[in-house]
Amino acid sequence: MTGDMRLARLAPPLTLAILLGPLFFGLAGTALPAFGYLPELGGEKFTTQHFSALAAVPGILRSSVLSILIGLVTTLVSLGTVAAFVASDLGTAGFARVRRMISPLLSVPHAAAAFGLAFMIAPSGMIMRLISPWATGLDRPPDLLIVNDPMALSMMAGLIVKEIPFLFLVTLSALPQTRHMETMRLGRSLGYGRIASFTYLLWPPLYRQIRLAVFAVVAYASSVVDVALILGPHLPPTLPVRLITWMNDPDLSIRFLASAGAVAQLGVTLTALLGWVGLERLGALLVCNSRSAGRRLRRDTVLRHGARAVMIASAAVVFGGIAMLAVWSVSGLWQFPDALPSSFSLRSWTQALPRMSGPLQTTLAVAGLSTLIALVLTILCLEREYETGRGRGGGALLLIYLPLIVPQISFMFGLQVLSIWLGVDASFSALVLAHLVFVLPYVFLSLSDPWRAHDRRHDLIAAGLGMSRTRTLVRIRLPMLTRAILTAAAVGFSVSVGQYLPTVLIGAGRLTTVTTEAVALAAGGNRRAIGVYAFMQTLLPFFAFSVATGLPGLLFRNRRGLRV
Amino acid sequence: MTLDNLTTHQGLRLSGIHICLGDRVLVALNARVLRGQTLTVMGPSGSGKSTLLAYLGGFLDPAFEATGRVFVDGVDLIALKAEKRRAGILFQDPLLFPHLSVADNIAIAIPETVRGRRQRRALADAALEEAGLAEYGDRDPDTLSGGQKARVALQRVLMSQPRLLLLDEPFSKLDAGLREQTRQLVFDQARRAGLPVVLVTHDEEDAHAAGGQVHEVGPA
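Protein chains in written order, with my numbering: chain A, 1 to 564; chain B, 1001 to 1220.
Bound conformation, chain B alone:
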């Protein structure tokens, strides 16, 4: 494989994406997102911009009709079932699993191929330490602050070794100071992991911080 070939396959390629509800076209998009780069999809609420993430993640409601092709590093994403796509998602809420400890919330994302309880726990602890939460492994996730929860959710999604990262307005519920900080952390980590990112938001500042291409989706 030549170097040239490698670069054309790398990252996320969206070609001829059309998502419709009845006669209404919600999203029409062609884009190329290289590793570590972010595509921001902007639009007011109700514009259907989140359907793009549902489509990429494999959760599109059958009421919508979608056409187009999606490749990540040369892999045809749409041909795979949701659980095989490795499309990491961050929602508005951190959505930590309330019945699992903080460490287990991260450990559950570790691929099956990593065997042995001790080794899995060690990986989870390392991730917690990286997030500055080394002492929090055995805590109830409900006792964490908003910022801490967001960091655990980020470590969790990174731990699952995703092919790409889907962000569904993940900063909109944080208060201003925390938002800035978390935003920086997420984009830094995505860049470091070399993940193509698709961000859906209605906040101009998110788009600005992401620094990549911006695609506007019209109002309803």
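So here's chain A without its partners, still in its complex pose:
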């Protein structure tokens, strides 16, 4: 009976190889040149001179410190907002409304959200147009540095509006494993306000479950490239942006410096993570003190309103931003301070589409293929786990999260070096593999909970009817889990669509996607072209999620037991 599931036995090692192989070889490919070894470029012996050169780069310390701070502040604000909002509104009708509003935001690519934000808050952006000239008296955009500000405030805002939906959904998926309803009631019946009840009683076990996802946010925000290119400071830019500039430098000897910088980025992200662990300790101490004094904190209205306002504002900013992208993409003449263009035209689209078809095909092919591979591997791994009962511990989870916690740029650069050396750079298969490293964890995380929650008695009945394991999987489990599988596929697809750095480095400029094209437009400032590309970038995941939610309803329209 187990004979025909032999394939599943290969899946866990293969999955680990796909997750950890690129990580390991990538880090090695970064570290060797960083220490001077890259024979192709004349680096024959080990040296630390590239690190000395790195330390001598003007403003490098500021870039690094900025990256650390961005990681910490972004995570603190988004996690604080999510926690306070869940504490405040869990179980209310408003909570369900906000949940429906926030969930779709997860699929919006970071770059598109960042462009949208820029279109809202820029001196000539929507907000300024709406209050001009009647409130500001301005008939020309003010000379202010809002986007790309040196304090990286707009960049942090762009990250926060995207991390809030992520952390919110991660928290929501951990909630059912706690007795949250009764716990909150118990806390309040003991006289604690909602925020206090949540913080003292529910948050500690909840946070333990979402901690790796929070680490991933710290790591991502401290090493992100695309959002930094769009919203981040220029003089000096954050560390990852400087790295990508060096990596693309036509002078190949700069690669040594870039490698040293990529190793330094590891240190920067590690420092941010250690800083976060410090904040965790501090927070735990404060909570513990307040709790053991029995502080009831019943007057939490201001905090509750604040959290709710930030939640709703973050959704409004992203939705508004996407609307801005759409309007700009079809706008004719649009002078400041008009709130709407004076004319509409499809010219930007007709101009862009012929050039976009290549990148669009690459986007769809890479996303489709990497998602498909990720799905098959995930299902086989989960099937194997089901058979053996192994692999669901904390160690396995850490391995899945590892590619999301180690900074992309630190190992993707090494992979680029390696792919050039192997002669597979800018090849389609290498690009799919590079995306798979990030698609696979998300597909796994998305599918594993519903898979494990599946009622096993269906399989026992199938076995009792004489069905083989493969047949049970294909005829019983896969159809019953259609909705979860399609959702996982949509998650994987949108993760792939949103990938900037792996595409730039492994695609080496010859394989481009909608995302890399969109981000490349950031420096130019052609809002109509940006509107077209960034809106297209938003549409693709949106379609994927529409299919994931719409198709099961169509397939199972006569099956009430399979409706949500």
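Please keep in mind that the hints were generated in silico from the structure rather than gathered at the bench. Treat the hints with care, since some could be wrong.
Cβ-Cβ distance ranges computed for the label pairs, FRET-style [as the list claims (entries may be wrong)]:
1) B/L1185 / A/E182: 19 to 25 Å
2) B/L1185 / A/R295: 56 to 62 Å
3) A/L285 / B/E1130: 30 to 36 Å
4) B/R1024 / A/G283: 26 to 32 Å
5) A/A293 / B/S1045: 37 to 43 Å
6) A/E182 / B/R1024: 22 to 28 Å
7) A/Q351 / B/E1065: 56 to 62 Å
8) A/R457 / B/E1130: 43 to 49 Å
9) A/G553 / B/L1185: 51 to 57 Å
10) B/A1193 / A/G283: 32 to 38 Å
11) B/R1024 / A/R560: 20 to 26 Å
12) A/G553 / B/R1024: 27 to 33 Å
13) B/D1175 / A/L554: 55 to 61 Å
14) A/R295 / B/R1024: 47 to 53 Å
Quick look at which bits of chain A chain B covers, simulated, 3 or more residues with Cβ under 8 Å [unchecked claim]:
15) 175-187
16) 284-293
17) 364-376
Where a beta carbon is used, it is the ideal one built from N, C-alpha and C, also for glycine.
For this one, chain A is given, so just place chain B on it according to the hints.
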């Protein structure tokens, strides 16, 4: 204040309670529960009897509509927010907080006005000793037996100095021998603390052990 006045205000007074879901009346009730006495609300599962506890505790889902007046010792309960009602609840499960030690599970119920870590801990230890769990203060609550957990949950709710006690089938998950014992303990302690008790159950024996008035709620 005359003695007569005092007695009419004491205990729990439920007047004209109506809890409806759409057109369906789930609970319709008038009752007076003196301190130390128990009102048992009996009904099969799905009859909506637990909505009464949710209403009294301040957690009624907005889908339900409730009217009526509730006074405890003359205090209008419904006018207060849940966290100000001091309505102690025991659920089916003891629901000890898994991340806190056994002593901290009790200490968290001590009112804010008791200051100083040492004094709060001393109170918690005293409560544990009363429950026959003197040595268990620093233990992980998960290592306690079912009966021990139930006793800690009881001490916790009493420690919060509640105005009244709400029992949501708190004995239904215990096995027979333990159920008898825990039932006795809870009613004894409630009597000693002089708390009016509202018990919701589908078990005749619970009602019998409680010994007070019984209100039947119809099936769905």
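Which numbered hints fail: 2, 4, 13, 14, 17
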